[in-house]
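Assemble the complex: chain B is given as a structure, and chain P must be docked to it using the hints.
These are the residues of each chain, in order.
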Amino acid sequence: MTRTLAPIISKQPFFQGLEERHIAFVAGCARNVRFDEGQVIFREGEAANEFYLIREGLVSVEANVPHKGPMTVQTVSVGEMLGWSWLIPPHNWRFQARTQTATRALAFDGNCLRTKCEEDHDLGYELLKRFSHILTERLEATRVQLLDVYGSSH
Amino acid sequence: MAQAIEHPVPHGPAPILPQPRRVRRLFEETGDAFTLEIEPDDDGRFLPGQFNMLYVFGVGEVPIYISGNPVAHEPLQHTTRVVGAVTRAMRLLKPGEVIGLRGPFGNHWPLHNLTGRDVVIVAGGIGLAPLRPALYQLLANRDQYRRVVLIYGARTPEDILYWDELERWREKLDLEICVTVDRASVDWRGNVGIVSTLIARAPFDPSNAAALVCGPEVMMRFAVTELQKRGVTSDRTYLSMERNLKCAVGFCGHCQYGPYFICKDGPIFRFDQIETIFGKAEI
Chain B
0 MTRTLAPIIS KQPFFQGLEE RHIAFVAGCA RNVRFDEGQV IFREGEAANE
50 FYLIREGLVS VEANVPHKGP MTVQTVSVGE MLGWSWLIPP HNWRFQARTQ
100 TATRALAFDG NCLRTKCEED HDLGYELLKR FSHILTERLE ATRVQLLDVY
150 GSSH
Chain P
0 MAQAIEHPVP HGPAPILPQP RRVRRLFEET GDAFTLEIEP DDDGRFLPGQ
50 FNMLYVFGVG EVPIYISGNP VAHEPLQHTT RVVGAVTRAM RLLKPGEVIG
100 LRGPFGNHWP LHNLTGRDVV IVAGGIGLAP LRPALYQLLA NRDQYRRVVL
150 IYGARTPEDI LYWDELERWR EKLDLEICVT VDRASVDWRG NVGIVSTLIA
200 RAPFDPSNAA ALVCGPEVMM RFAVTELQKR GVTSDRTYLS MERNLKCAVG
250 FCGHCQYGPY FICKDGPIFR FDQIETIFGK AEI
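As given, the protein sequences belong to chains B and P, one line each in that order. Residues in the first sequence are numbered from 0 upward in steps of one, following numbering that gives the first Met the number 0. Residues in the second sequence are numbered from 0 upward in steps of one, following numbering that gives the first Met the number 0.
Here chain B stands alone, though its shape is the one from the complex (with noise of 0.2 Å):
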């Protein structure tokens, strides 16, 4: 019998309500994968060919600023995604990411989704819609941080 992710992946809020073949399409793409704490999932400027759902431990996304060094801008935790540069061209990590602990996630193969996007422009508006949300999300927040609330008196 042959085993697949897709029980895993649709018990994923990111993933749920996609339909049945939806699920087996993105688990076609998709493989597990492990990190050791403090190695480098991906490095800013490389081929972003992969995103991550990260099922346990905490990933840290970092930038390198001039005169100051390596930044933490980001960390993903659990249930969280990591990385949208597969489906923006030129699909070129802008950032680095690296683990801080033991980090155990679902790879998914970007090449292989953004075929099936074209091919299956439902499947694709759905990953969309999902993505969307959370790259709003992460704007939202990136908003507030840049409004350095705390700097201001309580």
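Heads up, some of the hints might be wrong.
To be verified - Straight-line C-alpha distance at most 30 Å; calculated DSBU-like pairs for lysine-lysine:
#	chain 1	residue 1	chain 2	residue 2
1	P	Lys245	P	Lys279
2	P	Lys228	P	Lys93
3	B	Lys128	P	Lys171
4	P	Lys228	B	Lys10
5	P	Lys171	P	Lys228
6	P	Lys228	P	Lys279
Read the hints as simulated data drawn from the structure, not as lab findings.
Below, chain P without anything else, positioned relative to chain B:
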């Protein structure tokens, strides 16, 4: 539905007359935040969430939340940041010097109404100061509550208040502490992101939980939104609001907030009391 907040009137017969008190000691918390310890009077009691008006003679008077332990008779602790002339002068006070004190003023976190509930404390920046007495009281009566969760956001790791105490509390099995910072170097081992992102994954039962929230108003807006997404209703969410507190007894009107005076009717409000005016720029 949780009950409304009681309004004690604990201050003495002359609430606008500062009483001279001696500074016991002053210590730095972060780069710009400090805690001032003042000798209590014979009573020395206060309730979690209340504030005192502290008068640096010759400079001015400001409201500062009481940040110490309400269940221990010890010097009154006040934690604040240096934000103006008064707090700048206050930071230079030495042990034995005299400061004027009025208070305590305001209502308090309604902990007695929350027994049997999960209690979620959401604090941002210096907003942890008025919530620390609530944590002391929760821990002193731990068996009366279900899960107790502290979700705390600061600007950077260096801006985290009460670091040693948080580390000690983190070792407790009956208290969940979730800390995040807005930015950090890669040496920081912990969460980076706004405090509301931790609400989504914090371990509490939203159908039973009550939330106590204090921090900058923008942060509280996002926190309330996330709490509501999780299912914590407005009548189980309490916010500590801040406006320009001057007289602290409802005479001057400087702290008017819609139909309320923050000093007299607050500073703590159940969210459904203020939901229609919360976040409005002109109020």
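We went through each hint and held it up to the structure:
1. P/Lys245 to P/Lys279: 22 Å, holds
2. P/Lys228 to P/Lys93: Measuring from Cα to Cα gives roughly 47 Å; hence the hint is violated.
3. B/Lys128 to P/Lys171: It is violated: about 41 Å lies between the C-alpha atoms, which goes past 30 Å.
4. P/Lys228 to B/Lys10: 19 Å, holds
5. P/Lys171 to P/Lys228: The hint holds at about 28 Å.
6. P/Lys228 to P/Lys279: 21 Å, holds
Against the hints set out earlier in the document, violations occur for numbers 2 and 3.
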